[in-house]
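Engineer: As a plain string of letters, each chain reads:
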Amino acid sequence: MQRIGVFVCHCGTNIAATVDVKAVAEALKSEPGVVFSTDYQYMCSQAGQDIIKNAIAEHKLTGIVVCSCSPRMHENTFRKTAAAAGLNSYMVEIANIREQCSWVHKDMPTGTEKAIILGKAAVAKVSLNAPLTPGESPVTKRALVIGGGIAGIQTALDIADAGFPVDIVETKPTIGGKMAQLDKTFPTLDCAACILTPKMVEVAQNENIRIFSYSEVTDIKGFVGNFDVTIKRRARYVKEDLCTGCGACTEKCPQKKVPNEFNLGMDNRRAIYIPFAQAVPKVATIDPNYCTMLKTGKCGVCSKVCTAGAIDYQAKDEFVEEKYGAIVAATGFNPISMDKFDEFAYSQSPDVVTSLEFERLMNAAGPTAGTLLRPSDHEHPHTIVFVQCVGSRCSSCAEKGKEYCSKICCMYTAKHAMLTRDKYPDTDVYVFYIDVRTPGKAFDEFYRRAVEDYGVHYIKGMVGKVVPEGKKLKVQASDLLANKQLHIDADLVVLAAAIEPDKSARPLATMLTASMDTNDFFTEAHPKLRPVESPTAGVFLSGTCQGPKDIPETVSQAGAAASKVIGLLSKDKLTGNPCVAHSDENMCNGCSTCANVCPYGAITYQDKEFRMPDRTTKMRRIAVVNEAVCQGCGCCTVACMSGAMDLKGFMNKQIMAEVDAICK
Amino acid sequence: MKVSYFPGCTLRTKAKDLDFYARKCAEILGVELCEIENWQCCGAAFVSAKDEVASKLSSVRALAAARDAEQPLVTVCSACHNVIKQTNHAMQTDAEFAAKANLYMSQDKEPTEAYNGETTVYHYLELLRDVVGFDKLKEAVKNPLTGKKIAAYYGCMLLRPGKVLGFDDPENPTIIENFIRALGAEPVIYSYRNECCGSYAVLEDAEAAKKKSNKVSENAADNGAEMIVTACPLCKYNLEKSGSSIPVVYFTELLATALGVKEDTDAE
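Residue numbers (my numbering), protein chains in the order written: chain A, 1 to 664; chain B, 1 to 268.
Treat the hints with care, since some could be wrong.
Claimed, not checked - Dumping the calculated PhoX-like pairs for lysine-lysine here, alpha-carbon to alpha-carbon at most 25 Å:
| # | chain 1 | residue 1 | chain 2 | residue 2 |
| --- | --- | --- | --- | --- |
| 1 | A | K465 | B | K210 |
| 2 | A | K471 | A | K423 |
| 3 | A | K474 | B | K210 |
| 4 | B | K2 | B | K138 |
| 5 | B | K2 | A | K484 |
| 6 | B | K2 | A | K465 |
To be verified - A short, non-exhaustive set of chain A residues, derived as facing chain B with CB atoms under 8 Å:
| # | residue |
| --- | --- |
| 7 | D241 |
| 8 | D342 |
| 9 | Q348 |
| 10 | A442 |
| 11 | K465 |
| 12 | V467 |
| 13 | P468 |
| 14 | K471 |
What the hints assert, rightly or not - Quick list of the computed label-pair ranges, beta carbon to beta carbon:
| # | chain 1 | residue 1 | chain 2 | residue 2 | range |
| --- | --- | --- | --- | --- | --- |
| 15 | B | G133 | A | G567 | 54 to 64 Å |
| 16 | A | E318 | B | N172 | 48 to 58 Å |
| 17 | B | C41 | A | S337 | 55 to 65 Å |
| 18 | B | N172 | A | C663 | 35 to 45 Å |
| 19 | A | G163 | B | N172 | 52 to 62 Å |
| 20 | A | E99 | B | D94 | 55 to 65 Å |
Read the hints as simulated data drawn from the structure, not as lab findings. These numbers come from a predicted model, not from an experiment. All residues carry an ideal CB built from backbone N, CA and C; glycine is no exception.
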């Protein structure tokens, strides 16, 4: 028989105002196994904890029940208290008489009655508790960062800086991500390349960082501290170690008509290419979809001009297997497709562009060498209309747009408008908006400058239609403040397309067993208090894969994710959660139901020899739980038809005892 | 397959071609159009008055008749399609309206069972897309309209209100373009394909209507269209009076030409 102590907390008046705490302590005294019961003003205070410690020693308690706030608040506190007094910390149960009782009831009799019932349930459970000891697992001291944009770069640099090796896996031939495509950055208008490329070089030069560019993660197994990851290194047909990045091949390649994805298809590149001048690694890549040699076997110009002998037409995809202790998702975003928003005539006129395309049109390394020219006829546009929220905040059209605010568009549109007016003061610039949202340091001042100093016409209202007519784009819009219909003859229309998570995020989340929201953004472990961790242990989130963010926010989140990774990798061993599933091998019939429902892949099967009653032996297939992987969710215990699966600390008989105590 | 068919008044008077070729083509495509007995005018534009029950009853009767025949209800005219679908939606979602309508109906000489929106309503184009299938239609084409550049004109009644009609995306529809492709011709995408033609404004202010319809025809022509195809008698009427020379035909005429039951659409 257990010797149980009950400790009822007043929580000041939080509990005591609606629960007669003395009556609760008194009522629980007569429960089976209870040898001590008391109340105190603040059980979590040092004095309160001392009461618990003394009672454990004095009354030789084998289990305690604390009637107090939610276990989310102080379960850990009281577990530590118990451990300090020499009691196994899993012999502690919390009866939540604050959030689930005193805060939701108004009158003392009801609150007291319910508190007593909750206390009884906890006593019934703790009398069936068994001491549990958490297991330990080693930590591989290497991190994997998936995605080489500014988020991934910053995370990798910070982890490497702390002395841990990091690998970056990037699907593109170079790291840099979307930021490399931007012209200037708000609100300080420093050039994106000038602040990004030094970081890219730093990554390349850091001894602790390896870059797997033009690569992707194809498989992830294992668990926190011990991930086994398969990385597919796509054949780039150029030997990375030999290529000097001289660029001779990219000048001589006869295949000149390949849409240049770095400039969003607004100009062409060769079939062998280096995405941009500051690419890291600065190595050429052959595009197998366009290379004449790879397609027909006739050409070979690049191999002739390559003095380093780096061209290798026979290259094949390679698979690398690596072990990691922690994984950071930094898969980033893309603007959504404008196909379903053709009321803005995106598919009908080359002069309707997205904001990212506009970045390239303004960029010195872009298709127009930084001079703002219309894509159709290379003339200067004199009237430009910016349309905000194209596909963002689109609750009525969720099938084609996004319900959320993409967050960055107000600021970059203000930037575009301002830069245009600054460079070309003869240009009329209109911005149509639903709301202008500029929270952030120096953000609203920036937007006000666009309106007041640069004379950008901000109009509250949406554009209904864009009609290409001759050389003009007829823009029909409404001015909601003036209650007027507007018709503007524009030369260029710029659409602030909503952003969405990169398509690679969903399969990655499946591999990581990390959760996502309905928009395919990774879900954080807690929206306020654990914003850079995934609920899956050992998986961290960096940048826009978790939600729309601008660069400053991305960089701070990247640093935060890195610090969490460093915290994990600094440990030699990880203490597990002992409240994990366990299969009774005598009852298990190896049906696989539990493995099918396990979201973490923690259950495997093995054949085991059993002695039968007639002294023969028999091989049987039984379920085995990997305690380091199991998160104790309990899905398997519900699914198990033979009742073999049970969850330590939350065993079926404990739960039933609680229910019985409540219903008694 | 058998479907209930609601031709509508205009198809008996101004728009006989729309009706005639719809029937002919359905035969070829293996769909039997069973005209509802004693159908009455759908109520046309008047039914947009929300509190009006009586004018919507003819639609409810048609819907109930199709329900009793256990067939979907097919219309060809844009306006009938719009009215009948909106009425059906009201019968499904507006309990008060449905109760009132059923109370009226119970006073009919031969009252039917109470109707609560059980019938599926198709526009003829939807029938082609969702029941026949554009791929099957493509196979049935005898005289492909190869090389013809045709502008689809939707107008308002086919598309809006988008969620109630469920016909196509009201901003970026594709159904008529895909129909044109199935017939072997090339659809012309132009901005005014889902703008209003001027509609009944033509009765009050013909100039205003002409201004609207002219923009449509000019925009179609500017984008290289040789002809405009429409499903709506009123749109056709307005576009033909728009002052532009571009021919306007019903989609059923185009269909009939491609299926080989009509000489040549251009001959009009």
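Engineer: So, for every hint listed, does it hold in this structure?
Structural biologist: Against the structure, the hints come out as follows:
no.: 1; hint: A:K465 - B:K210; in the structure: holds (20 Å)
no.: 2; hint: A:K471 - A:K423; in the structure: holds (23 Å)
no.: 3; hint: A:K474 - B:K210; in the structure: holds (19 Å)
no.: 4; hint: B:K2 - B:K138; in the structure: holds (21 Å)
no.: 5; hint: B:K2 - A:K484; in the structure: violated (51 Å)
no.: 6; hint: B:K2 - A:K465; in the structure: violated (41 Å)
no.: 7; hint: D241; in the structure: violated (49 Å)
no.: 8; hint: D342; in the structure: holds (4 Å)
no.: 9; hint: Q348; in the structure: holds (6 Å)
no.: 10; hint: A442; in the structure: violated (37 Å)
no.: 11; hint: K465; in the structure: holds (7 Å)
no.: 12; hint: V467; in the structure: holds (4 Å)
no.: 13; hint: P468; in the structure: holds (7 Å)
no.: 14; hint: K471; in the structure: violated (12 Å)
no.: 15; hint: B:G133 - A:G567: 54 to 64 Å; in the structure: holds (59 Å)
no.: 16; hint: A:E318 - B:N172: 48 to 58 Å; in the structure: violated (43 Å)
no.: 17; hint: B:C41 - A:S337: 55 to 65 Å; in the structure: violated (43 Å)
no.: 18; hint: B:N172 - A:C663: 35 to 45 Å; in the structure: violated (59 Å)
no.: 19; hint: A:G163 - B:N172: 52 to 62 Å; in the structure: holds (54 Å)
no.: 20; hint: A:E99 - B:D94: 55 to 65 Å; in the structure: violated (43 Å)
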